[in-house]
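Chemist: Got two chains here, each in a separate frame; can you build the complex from them with the hints?
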Amino acid sequence: MAFAPSPSFEHLSHIGEARLRLRGASIADILQQAALALAELLLPGPPPQRPERVHEIALEADDRAALLVDWLNELLYLADRDRWLPSRIEVHEAGETHLRATASGPVMECAPSQVKAATWHGLRFDVCDGGFEAEVVLDI
Amino acid sequence: MLVPARVYADDALWREIAEDHALDQLCNVAMLPGVEQRVYGMPDMHEGYGFPVGGVAATRLSDGVISPGGVGYDINCGVRLLTSDLARASVTPRLERLVHELSRSIPSGAFANPRLRLDAAALDGVLREGSRSLLSRGLATLDDLAHTEAGGALEEADPGAVSARAKERGHDQLGTIGSGNHFVEVEVVDEVFDPAAAAAYGLAEGQVAVLIHTGSRGLGHQVCTDYVRLMLGLLPEWNIQLPDRQLACAPLSAPEGQRYLAAMCAAANFAFANRQVITAEVRDAFRSVLGSAASLRVCYDVAHNMAKMERHGGSELCVHRKGATRAFGPGHPETPAAYRTIGQPVFIPGSMGTGSWVLAGTDEALALSFGSACHGAGRAMSRTAARATASGAQVRHALEEQGIVVRCPSARGLAEEAPHAYKDVERVVAVVHEAGLARKVARLRPVGVIKG
Chain A
1 MAFAPSPSFE HLSHIGEARL RLRGASIADI LQQAALALAE LLLPGPPPQR PERVHEIALE
61 ADDRAALLVD WLNELLYLAD RDRWLPSRIE VHEAGETHLR ATASGPVMEC APSQVKAATW
121 HGLRFDVCDG GFEAEVVLDI
Chain B
1001 MLVPARVYAD DALWREIAED HALDQLCNVA MLPGVEQRVY GMPDMHEGYG FPVGGVAATR
1061 LSDGVISPGG VGYDINCGVR LLTSDLARAS VTPRLERLVH ELSRSIPSGA FANPRLRLDA
1121 AALDGVLREG SRSLLSRGLA TLDDLAHTEA GGALEEADPG AVSARAKERG HDQLGTIGSG
1181 NHFVEVEVVD EVFDPAAAAA YGLAEGQVAV LIHTGSRGLG HQVCTDYVRL MLGLLPEWNI
1241 QLPDRQLACA PLSAPEGQRY LAAMCAAANF AFANRQVITA EVRDAFRSVL GSAASLRVCY
1301 DVAHNMAKME RHGGSELCVH RKGATRAFGP GHPETPAAYR TIGQPVFIPG SMGTGSWVLA
1361 GTDEALALSF GSACHGAGRA MSRTAARATA SGAQVRHALE EQGIVVRCPS ARGLAEEAPH
1421 AYKDVERVVA VVHEAGLARK VARLRPVGVI KG
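Quick note, the sequences are listed as chains A and B, same order.
FYI, my numbering numbers position 119 of the first sequence as 119, with every residue one higher than the one before it.
To convert, count from 1 in the second sequence and add 1000; that's my numbering.
So that you can see chain B by itself, here it is in the shape it has in the complex (with noise of 0.2 Å):
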């Protein structure tokens, strides 16, 4: 190991750590060329490949090497939180429409969207401009990109660095939600913890909200397949040798490492775009079920796979999150206007069953994990195991029992999700206060659940 490596958890959570691979996937990070300061594990850490997930590393500019594995197929895999002023209570009565509804129009598990084909020239505009690409559209506004990490467009995007074969998977992709834990989800804000916080992000206790979960789809992982690929052929040339062939990655100061980094950010554009998408989607169907007022604004989004230039400590670093999200504190330049006497928003999903919560990230947060925080409550039973403890219809049994109404295309792939499969939501988001990474805000509980 050229740095050592932390772990943010508690004793339950860190049994539970060690019972996997991730803390010999977490050491294998370590030995990145060019690493810096120190790895981090968040506390919903478990195995991944390559990387862990729940993963965070930061490679010099200088000498360190940029790792398509650091931040995995599903290129900015990540979270938008919608809100409204719109009373549990007004929605409860429509609540099966809507969510009906929703599941009409935004396609999931692995459908394309039939309504939105791009031609070549239209795919490179969302590649290269993201989000800001659906303005002329009448698919965004000006306040939703205010809230969208980076404005919802990486501007070192470069759609010529992406392959054809990436294109080919995405241009009837967009405005989908895919499958495996993917979601979009309709919330009540079940209890506020910190009210001055709450206010500047526009929750209110008893206030419909709506997570978005979802990330590049097949065009990202294309990429990553494409320069895991490239890379790998190229590590002798570099004199690099890794522990993990996952690991694979090229020298920042490479042309192959600009290259990736351009790709990636190209398909992460496109990943912000696809939310942004579901989101005209989803305030199409609040209003068609709950009329012409139900209004829903964007809180932010953020991503939680993702390998991002950032300035720590003096030194330019690329900062790898693998399935770990940024936690900037009210200081820092890149927090949206909005929320800087707050801290940019953070989001931290549960499951389908459980609550999913709203932080603040800290100032504290950036000596502590090069300003990250964790990004759901982490498996903690493989799919496999999930399945043999419950069928999809128990799954779906025992969400209706607590009045969650479920769509969703696969049973198997609702048994997988089951809550019983993931780490106890609670303990992993008490440990992130503890210890500095984000403050809590609000809790939501899912009333409203459309899978992948």
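Chain A with its partners taken away, still in its complex shape (with noise of 0.2 Å):
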């Protein structure tokens, strides 16, 4: 009997950019590490005491890896945007195809645009072990 893996990020090898492996029981849980993994590339360390902004978002995909690329851009467009870093991340509801969740943090003083996108380069969403395994490459 397989167990649902708990939810993880890990930063594979890439010479020029980063590439993410993303582990959980569940599509949602997928999403939120990688919004983790994102935060964590933006800017290292606990986020700074500043004023929040919260982002309501709803995306569709034709996959759960489409869902998974054009989540991270969203964050990303948002994050470069509004001057923002989405540090706490609540997926209430994620399928196949579809997602609906909050994303809130602080506003800084400057974009933390250190990544420019996710990418579709090796880019896999796989069921496993009970749960899902995902990796996906950003540009830096």
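Keep in mind the hints are simulated off the structure, nothing from the lab.
Owing to the predicted nature of the structure, the values given are computational and were not obtained by experimental measurement.
Just so it is clear, CB atoms sit at the ideal spot from N, CA and C, and this is done for glycine as well.
Misleading hints may appear alongside valid ones.
To be verified - Selected chain A positions facing chain B (Cβ under 10 Å, derived; list incomplete):
1. S13
2. H14
3. G16
4. E17
5. A18
6. A65
7. A66
8. N73
9. R81
10. R83
11. C110
12. K116
13. A117
14. G122
15. D139
Modeler: So, in structure tokens, the structure goes:
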């Protein structure tokens, strides 16, 4: 009997960019871990005490892998536009092709835009071990 | 593979290139519909996403495609060299103050530019006319434009092809460096290898110069994001199958292909204008610290992430250069008039602590690489590995030991961009020179670094 993996993310080796491996029991777990990994790349360490901004986000995509890329790129767009760090994520609902979430975090003095985009290269979002595992490469 | 791949490297660089997935990626590029003749890997090639960084591929206008992944997210990331008549000895006593003034006046990291927020009409003007749009603001001269690739404005640009999201990201980012490997560096001409070419480029040993490396910022990133997404959804309609989704592309004959070209050119114009605004800030800083006689001329400004419509061997081709720069020789009509007897300048930045190079394009490069050369030293180590090897403080200390003044808002960024994280630029340049892609003109040595 397989046990669902605990939600987690890790950085895999990539010479020029950032490659993330995400694990979780559900699609919502994966999307949440992806956002947390992104926030850590944007600004390592605890988020600063600054005025907060909240974004309600709803997305639809063709499949869960596309949903993962769209989700990260949505957060990057908002982070760049609003100089905002998505440090707290609540995924309310996530399926194969849709997502509804609340993302909140501090508004910064400058946009935390070390990451340019989530790419489709080497993208996978698989069912495994009673849960899900995904990999995505971010352009740094 | 529809065409063969050729990589320019010596034994040591080949071993480094073969360590990651860059060769697999280059083979994938050789499967793009309408790919012509051969795909090329430059000696600084390393793994990217979709295309390898340091990859060149040309596709036919008649039956080929244009791929946003072959340009990358930082559209028209490129390098500009400014030259001066200042001797190093006249700058050294005020170098600290000069670097401080440069870092104060040019927003780095991911800061916006508080002095240049563009309204919708002004932003569209920049997207349409690039550096030319800055003439009326006194931020550019006709001489600057004459020494910029394509005059700093690509005619195919259409601001209407750029999304509202991209414009939202770009409206306050003109004149900013951004993060990652972007920089403004004060250089000294260390050694001249081709006196005639150096003289034509305005370079002499011991002279101070400035290198600017940045691109189209968030606006360009969003253009790529938008069009990769759009094209992925239309691939079945065009009956295009790809080995990697990041190679998403559109037929050049399709409206979507032409619309991406128009948006990419608009983002490229934003990048030309970005480097032009930074040029104006650099000039102000030099005058402020060194006096009103401290003038800087644009030697040249070249893109290294771009797709360009070019004529090769009688065919109209779309040449994708991802982490590769044009290297047109003296005989090419797009080589600036001032350099028609020499060839266009090609800039190969090293890393913060090692030399950067100025080379001259050759006519032979047209047959060797669609007129292309490499764009830098190329990463040899991941960012994670670089951070594990030395901290930002250690890198800063090592650079200061070499007499290099450094300003960087991020210790992590400094560690990730440490000189040891890159390939040996001397070796990379030697391959380019020996292969005939471009020839050595001069080596520059950094004395002041402002990192993004």
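Chemist: If a hint holds in the structure, say so; if it doesn't, say that too.
Modeler: Hint by hint, here is what the structure shows:
About 6 Å separates the beta-carbon of A/S13 from the nearest beta-carbon of chain B, less than 10 Å, and the hint is met. Because the smallest distance between the Cβ of A/H14 and any Cβ of chain B comes to about 6 Å, under 10 Å, the interface hint for this residue holds. With a cut of 10 Å, the hint placing A/G16 at the interface with chain B holds, because the nearest CB-to-CB distance is about 5 Å. Against a cut-off of 10 Å between C-beta atoms, the interface hint on A/E17 holds, since the closest Cβ of chain B lies about 6 Å away.
Taking 10 Å as the C-beta contact cut-off toward chain B, the hint placing A/A18 at the interface holds, the least distance being around 7 Å. At about 9 Å, the closest approach between the beta carbon of A/A65 and any beta carbon in chain B falls short of 10 Å, and the interface hint on this residue holds. A least Cβ separation of about 8 Å between A/A66 and chain B falls short of the 10 Å threshold, and the interface hint therefore holds. Annotation: interface hint on A/N73 holds; nearest CB of chain B at approximately 5 Å, less than 10 Å.
With a cut of 10 Å, the hint placing A/R81 at the interface with chain B holds, because the nearest CB-to-CB distance is about 5 Å. With a least beta-carbon distance of about 8 Å to chain B, the hint placing A/R83 at the interface is held under the 10 Å criterion. Hint status for A/C110 relative to chain B: holds, with the closest Cβ pair at about 4 Å, below 10 Å. A cut of 10 Å between beta carbons decides the hint on A/K116: the least distance to chain B is about 4 Å, and the hint holds.
About 5 Å separates the beta-carbon of A/A117 from the nearest beta-carbon of chain B, less than 10 Å, and the hint is met. Annotation: A/G122 was flagged as interfacial toward chain B, and the flag holds, the nearest CB pair being 8 Å apart, inside 10 Å. Nearest Cβ of chain B to the Cβ of A/D139: about 5 Å, under the 10 Å cut. The hint holds.
Consistency note: the structure conflicts with none of the earlier hints.
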